[in-house]
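Q: Sequence order for the protein chains is A and B.
Residue 743 in my numbering sits at position 724 of the first sequence, and the numbers go up by one each step.
Residue 42 in my numbering sits at position 13 of the second sequence, and the numbers go up by one each step.
Quick caveat, the hints were computed from the structure, so don't treat them as lab data.
Treat the hints with caution; some may be incorrect.
To be verified - Okay, derived cross-link-like pairs now, SDA-like style, lysine to any residue, Cα gap no bigger than 25 Å in a straight line:
(1) B:Lys182 to A:Glu156
(2) B:Lys182 to A:Arg123
(3) B:Lys182 to A:Leu169
(4) A:Lys525 to B:Arg101
(5) A:Lys245 to B:Gln74
(6) A:Lys525 to B:Thr109
(7) B:Lys81 to A:Asp558
(8) B:Lys81 to A:Leu169
(9) A:Lys561 to B:His126
(10) A:Lys245 to A:Arg485
(11) A:Lys561 to A:Arg46
(12) A:Lys167 to B:Gln74
(13) A:Lys259 to A:Arg243
(14) B:Lys182 to B:Met167
(15) A:Lys167 to B:Arg101
(16) B:Lys81 to A:Gly316
(17) A:Lys167 to B:Glu161
(18) B:Lys81 to A:Pro576
(19) A:Lys148 to B:Gln179
(20) A:Lys167 to B:Glu85
(21) A:Lys525 to B:Glu85
(22) A:Lys261 to A:His459
(23) B:Lys182 to A:Ser168
(24) A:Lys261 to A:Arg46
(25) B:Lys81 to A:Leu504
(26) A:Lys167 to B:Gly122
(27) A:Lys561 to A:Val581
(28) A:Lys148 to B:Thr212
(29) A:Lys525 to B:Lys81
(30) A:Lys261 to A:Gln184
(31) B:Lys81 to A:Arg46
(32) A:Lys167 to B:Thr212
(33) B:Lys81 to A:Arg123
(34) A:Lys561 to B:Glu85
(35) A:Lys525 to A:Glu505
(36) A:Lys654 to A:Asp548
(37) A:Lys64 to A:Arg585
(38) A:Lys167 to B:Arg198
A quick note: this is a predicted structure, and the numbers were derived from the prediction, not measured.
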Amino acid sequence: MNSRGLWVISSWLVGVAAALWVVAHARYITDLTAFLPAKPTHLQKLMVDQLRDGPASRLLLIALEGDDSDTRARVSHGMAHRLRDDAAFSSVENGEALAASRDRDFLFSHRYLLSNAVDARHFSTAGLKDAIGETIESLASPAGLLLKSLIPRDPTGEMLRIIDQLSGARTPRTQHGVWVSADGVRTLLVAQTAAPGSDTDAQERDLGAIRSAFNAVNTSSAVRLKMSGPGVFAVAARAKIKRAAMRLSIVSSILVVAVLLAVYRSPLALGLGLLPVATGALAGVAAVALGFGAVHGITLGFGITLIGESVDYSIYFFIQSLHGGTTGSPGDAWRRQLWPTVRLGMLTSVCGFASLLPSGFPGLAQLGLYSITGLIAAALVTRFVLPELLPLGFRIGDVSAFGLRIGRLRDSIRRRGGLGLGYAACVVAVVAILVLYRHHDTLWNRELSRLSPVSPQDLLYDATLRTDLGAANVLDVVIIEGTGLEQVLRGAERAQAALQALVDSKIIGDVDSPANYLPSLATQQARRDVLPEARALRDNLKIAVAGLGLDLEQLTPFVDDVAAARRAPLITPDDLRGTSLAAGFDALILHQPGHWSALLPLHGADGATPDVDVGRVAAQLAAANLPDTQILDLKQQTDALYAGYLQEAIHLSLCGFVLIVLLLLAALREAQRVARLLAPLGLAVLTVAAGLVLAGQQLTILHLVGMLLIVAVGSNYALFFDGEAAAQRAANPALTLASLVIANISTVIGFGLLSFSQVPVLVALGTTVAPGAFLALLFSALLTRRVPRTTADA
Amino acid sequence: MKLRTPGVCVLLLAGAAAHGAADALDQVMHSLAERRHGQVSFVEQQFLSMLKRPVESWGELIYDAPNRLEKRTIEPRPETLVVEGEVLTVQRGRRSHVLDLKAYPQILPFVESIRATLAGDRAALERLFRLEFTGSEMRWTLVLTPLDVQLAKTVAEIRIDGSRDELSRVEIRQSDGDRSLMTLRAHSGR
């Protein structure tokens with residue numbers, strides 16, 4: 020190795036070491052901020068906060084099925100008991116009567132601050148008469164009889180009112196003291212995790228805790244545990260993607276390694292061949308870490324597939340320069356004659372991926388930077404490092420015979436096809452364009468859920484459990500923001516008051532609010548202020564109960580309680596601790612430094628119409644002119660966000676295409692040549708898109724990324740075929756052809772396997788790139804400018 | 030308000046032999062069980078020690094064999110109470126509460142005494158109560174005393190008067206001395 024080689028190797032090693040240092044110290048994030056726009060609108064930021072940390076993200080629905088309801092109830096009790104002792108869960112509900120006497124004590128002792136009926140009139144003669152009269156009337160029913168013993172202390176029925184305030188309009192059915200589904204076949208529990216739903220590791224641990232609680236208390240072999248909710252989906256999806264990625268990469272590695280070994284007949288070549296792609300991946304991650312400050316999980320997951328093209332570089336290098344016949348300095352001829360072609364192909368790909376850089380979708384922008392850096396690094400390693408590392412006399416298997424056979428096949432097709440090939444290509448293009456035009460309204464899928472790895476059956480089961488539980492439709496939430504807790508609680512009270520008209524007219528069901536658990540201090544203060552003095556209360560009571568057949572003396576405990584409530588301090592969040600109400604409150608309050616949000620989830624009007632009329636709610640809130648109050652329709656927002664990303668990505672890809680054309684024009688300086696070069700690639704993309712549409716697929720953002728990849732990989736093929744004419748005197752065209760076919764085989768294997776996974780994102784990439792890469796090679800081989808017969812060199 | 034089949038001579042038979050009474054109970058149960066559907070209006074008075082005068086309510090009682098009982102209170106506060114199987118649904122205003130009867134043993138005797146009697150389900154009655162039957166098929170009285178100690182803490186005794194397959198009066202004496210009296214009459218199209 021000469022001094023120049025030494026210099027090259029050492030700078031490569033220094034670069035690798037630096038990249039390793041950056042990668043080791045980078046911040047990796049797996050939460051949903053990959054989907055948060057780089058410059059989010061306020062509503063989008065709220066939405067992502069919701070998806071990441073909101074109460075919806077922390078809800079786990081647990082169902083017990085099988086055996087009899089009695090056995091299931093015992094398991095439910097046992098599980099709830101165990102899980103409530105686990106700090107990982109902020110609440111576990113299974114329908115046990117608002118059991119904790121702690122809760123009852125809390126509500127009862129603070130009833131005059133919590134009840135929304137408390138106002139000046141409530142304690143006037145008329146107000147007392149109404150309220151006490153109503154309580155007495157409720158005694159007529161057996162249910163009212165349960166309250167009989169409370170009358171001396173609570174004749175105005177505040178306790179019952181508070182319980183009504185807190186329990187949603189619909190509560191699940193109970194059997195043996197615990198919740199069951201409407202049809203009674205499932206016993207239900209609801210757990211709220213302390214960790215946010217985006218913390219998949221914590222969610223996985225929590226699911227494990229639920230499973231072990233179940234196993235510990237379940238003695239019947241017939242009872243089955245089922246779980247649903249965002250955390251369950253996140254954990255399952257991650258496992259699914261991990262499993263799929265693992266299985267697929269193992270299988271495809273084996274296949275590709277087998278192909279390459281068969282071709283090279285040299286393990287050393289195989290090992291060296293992986294250096295460019297490994298360096299590229301490392302450089303890509305390092306560049307993203309430096310450029311974005313943090314690396315998203317999806318960048319790590321999919322980036323490597325995007326620079327699969329760099330495996331091709333080493334294939335081209337080995338086969339084109341190191342076939343059995345070459346003597347002297349390895350790769351010298353390749354460096355002179357073929358490297359410019361590889362370089363142009365690489366630059367074409369870089370132009371394509373550069374179009375992703377300005378995307379507002381950070382995930383895409385990161386993939387863009389990763390691919391650009393990765394490809395440049397891989398190409399440089401192939402060009403400068405690989406030749407220096409080759410030992411003297413290094414040889415690989417000779418594939419010129421294979422190249423010749425392919426060449427002959429191609430020549431015979433071209434001879435027989437003649438001009439017909441060009442016409443056939445035109446027909447294919449026209450048909451593809453017609454197909455795409457016919458479907459242009461439904462061509463793109465704008466719903467984010469299309470990328471979700473959750474199966475429709477699982478979603479249906481989730482919806483069933485939610486209906487059984489009468490859980491709030493957590494997708495529609497009114498959000499009030501402010502700089503302090505008191506401010507957002509007041510906002511929540513105003514919003515709830517504004518929405519009451521819609522609740523009364525049954526346009527929406529109930530509105531949950533943190534202020535139901537903890538009214539604002541202002542409201543508490545106002546309620547406490549209207550509580551009358553003992554003497555005044557007694558005077559009013561005397562008149563009020565005169566016609567009700569109740570003795571004033573019997574109500575002495577009531578007078579005492581009101582007097583005590585007048586002196587009692589207001590309730591603070593700390594007072595809620597130790598009751599199960601704290602969980603309900605915490606679920607509806609988000610707190611970041613200097614920023615508070617109150618969440619008011621909306622219930623659908625009834626089981627038949629679970630969807631909330633968001634428009635009506637928004638209009639009602641607007642009419643009330645409430646500051647810092649917004650309705651957030653999570654599904655609509657996420658879909659709108661995704662549709663925006665998709666639209667932008669389509670535009671950017673078109674810009675990328677224009678960039679590629681300009682680059683090739685600058686390099687080749689011949690418009691017709693550029694057109695002939697790009698035609699096969701365009702045709703491949705069109706054919707694949709039309710094929711997907713005909714197969715009933717709607718295109719997603721991942722299909723678009725796949726199309727970029729077709730152009731990126733295919734541009735190398737097209738350039739080689741185009742460059743054949745110029746290079747044929749020095750290099751061996753049969754070897755060039757062989758290297759292209761082998762590179763193509765490895766690409767088709769890698770991406771083809773992705774199509775067999777269960778993960779929609781991977782399937783989209785696989786079904787686009789595998790056929791696209793093959794077609795790009797086929798079309799390039801058949802349609803590029805006629806070259807001298809490859810057989811002549813043999 | 031009560032609808033009673035006139036029949037003075039049945040009084041003479043009131044002290045009939047024990048096995049005769051048991052036969053009559055079976056007969057009454059049998060004719061009650063024959064009935065698949067019934068709708069009567071009711072007037073109920075609650076006598077509570079706390080209150081100087083009774084709380085009065087009225088409405089309709091609808092029964093469908095074998096196990097659905099609906100108590101529709103119209104005055105003073107509209108409320109619908111449906112017992113079907115083991116599920117009790119209370120609908121008051123906008124709110125609807127679904128309760129499991131087994132979880133609320135305090136309510137069980139109030140509901141089951143009437144429902145099981147209407148169903149002519151002697152076995153169901155005997156699961157919860159000690160039965161004491163007097164009178165004849167034409168005019169009978171059934172006194173139910175809770176077997177369960179827990180139930181006995183709320184309900185001391187339930188007394189049901191009837192004639193053939195019609196109930197005319199249900200009196201529930203609670204253990205704390207309060208009592209309720211429900212008088213039933215065949216639907217008059219009120």
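Q: Are the hints correct? Go through all of them and say.
A: Against the structure, the hints come out as follows:
Distance hint between Lys182 (chain B) and Glu156 (chain A) is fulfilled; the C-alpha atoms sit about 24 Å from each other, no more than 25 Å. For the given pair, Lys182 (chain B) sits about 22 Å from Arg123 (chain A) by alpha-carbon distance, which is consistent with the 25 Å threshold. With a C-alpha separation of about 17 Å, the suggested pairing of Lys182 (chain B) with Leu169 (chain A) holds against the 25 Å cut-off. Taken as a hint, the Lys525 (chain A) and Arg101 (chain B) pair is honoured in the structure, with Cα atoms around 23 Å apart against an allowance of 25 Å.
Proposed proximity of Lys245 (chain A) and Gln74 (chain B) is contradicted: the alpha carbons are some 49 Å apart, above 25 Å. Our distance criterion of 25 Å between C-alpha atoms is met by Lys525 (chain A) and Thr109 (chain B), whose separation comes to about 19 Å. A C-alpha spacing of about 20 Å is found between Lys81 (chain B) and Asp558 (chain A), which places the hinted pair at or below 25 Å, so the restraint holds. For the hint pairing Lys81 (chain B) with Leu169 (chain A), the CA-to-CA distance comes to about 18 Å; that is within 25 Å, so the pair holds.
Straight-line distance between C-alpha atoms of Lys561 (chain A) and His126 (chain B) comes to about 34 Å, which puts the hinted pair past the 25 Å bound. A C-alpha spacing of about 13 Å is found between Lys245 (chain A) and Arg485 (chain A), which places the hinted pair at or below 25 Å, so the restraint holds. Only pairs whose Cα atoms come within 25 Å are accepted, and Lys561 (chain A) paired with Arg46 (chain A) is rejected, the gap being roughly 71 Å. A threshold of 25 Å between alpha carbons decides the hint, and for Lys167 (chain A) with Gln74 (chain B) the separation of about 15 Å falls inside it, so the pair holds.
Of the supplied pair hints, the one linking Lys259 (chain A) and Arg243 (chain A) holds, its CA atoms being roughly 22 Å apart against a limit of 25 Å. Distance hint between Lys182 (chain B) and Met167 (chain B) is unfulfilled; the C-alpha atoms sit about 33 Å from each other, more than 25 Å. Among the hinted pairs, Lys167 (chain A) with Arg101 (chain B) is consistent with the structure: their alpha-carbon atoms are about 21 Å apart, no more than 25 Å. Between Lys81 (chain B) and Gly316 (chain A) the CA atoms are separated by roughly 74 Å; this puts the pair beyond 25 Å, and the hint is violated.
The hinted pair formed by Lys167 (chain A) and Glu161 (chain B) fails the criterion: a straight-line CA distance of about 29 Å is larger than 25 Å. Among the hinted pairs, Lys81 (chain B) with Pro576 (chain A) is consistent with the structure: their alpha-carbon atoms are about 19 Å apart, no more than 25 Å. Distance hint between Lys148 (chain A) and Gln179 (chain B) is unfulfilled; the C-alpha atoms sit about 35 Å from each other, more than 25 Å. Distance hint between Lys167 (chain A) and Glu85 (chain B) is fulfilled; the C-alpha atoms sit about 16 Å from each other, no more than 25 Å.
Proximity of Lys525 (chain A) to Glu85 (chain B) is assessed by CA-CA distance (about 32 Å); at most 25 Å being required, the pair is judged violated. A threshold of 25 Å between alpha carbons decides the hint, and for Lys261 (chain A) with His459 (chain A) the separation of about 34 Å lies outside it, so the pair is violated. Restraint check for Lys182 (chain B) and Ser168 (chain A): the C-alpha separation of about 14 Å stays at or below 25 Å, so the hint holds. Restraint check: the Cα-Cα separation between Lys261 (chain A) and Arg46 (chain A) comes to about 20 Å, which is no more than 25 Å; the hinted pair holds.
For the hint pairing Lys81 (chain B) with Leu504 (chain A), the CA-to-CA distance comes to about 48 Å; that exceeds 25 Å, so the pair is violated. Using a Cα cut-off of 25 Å, the hinted pair Lys167 (chain A) and Gly122 (chain B) holds, with the two alpha carbons roughly 20 Å apart. As the CA atoms of Lys561 (chain A) and Val581 (chain A) are separated by approximately 16 Å, the hinted pair is consistent with the 25 Å bound. In summary, the hint linking Lys148 (chain A) to Thr212 (chain B) is not supported, as the alpha carbons are separated by about 29 Å, beyond the 25 Å threshold.
The suggested pairing of Lys525 (chain A) with Lys81 (chain B) is violated, with an alpha-carbon distance near 40 Å, which exceeds 25 Å. About 45 Å separates the Cα atoms of Lys261 (chain A) and Gln184 (chain A), which puts this hinted pair outside 25 Å; it is violated. Distance check on the hinted pair: Lys81 (chain B) and Arg46 (chain A) sit about 75 Å apart at the alpha-carbon level, beyond 25 Å; violated. Distance check on the hinted pair: Lys167 (chain A) and Thr212 (chain B) sit about 22 Å apart at the alpha-carbon level, within 25 Å; holds.
Restraint check for Lys81 (chain B) and Arg123 (chain A): not satisfied, since their Cα atoms lie roughly 30 Å apart, outside the 25 Å limit. In summary, the hint linking Lys561 (chain A) to Glu85 (chain B) is supported, as the alpha carbons are separated by about 23 Å, within the 25 Å threshold. For the proposed pair Lys525 (chain A) and Glu505 (chain A), the alpha carbon gap of about 30 Å is over 25 Å, so the pair is violated. Taken as a hint, the Lys654 (chain A) and Asp548 (chain A) pair is broken in the structure, with Cα atoms around 43 Å apart against an allowance of 25 Å.
The straight-line distance between the Cα atoms of Lys64 (chain A) and Arg585 (chain A) is roughly 43 Å, outside the 25 Å bound, and the hint therefore fails. Taking the CA atoms of Lys167 (chain A) and Arg198 (chain B), the gap is about 24 Å. The hint holds against a cut of 25 Å.
Taken one by one, the earlier hints fail for this structure at numbers 5, 9, 11, 14, 16, 17, 19, 21, 22, 25, 28, 29, 30, 31, 33, 35, 36 and 37, listed in ascending order.
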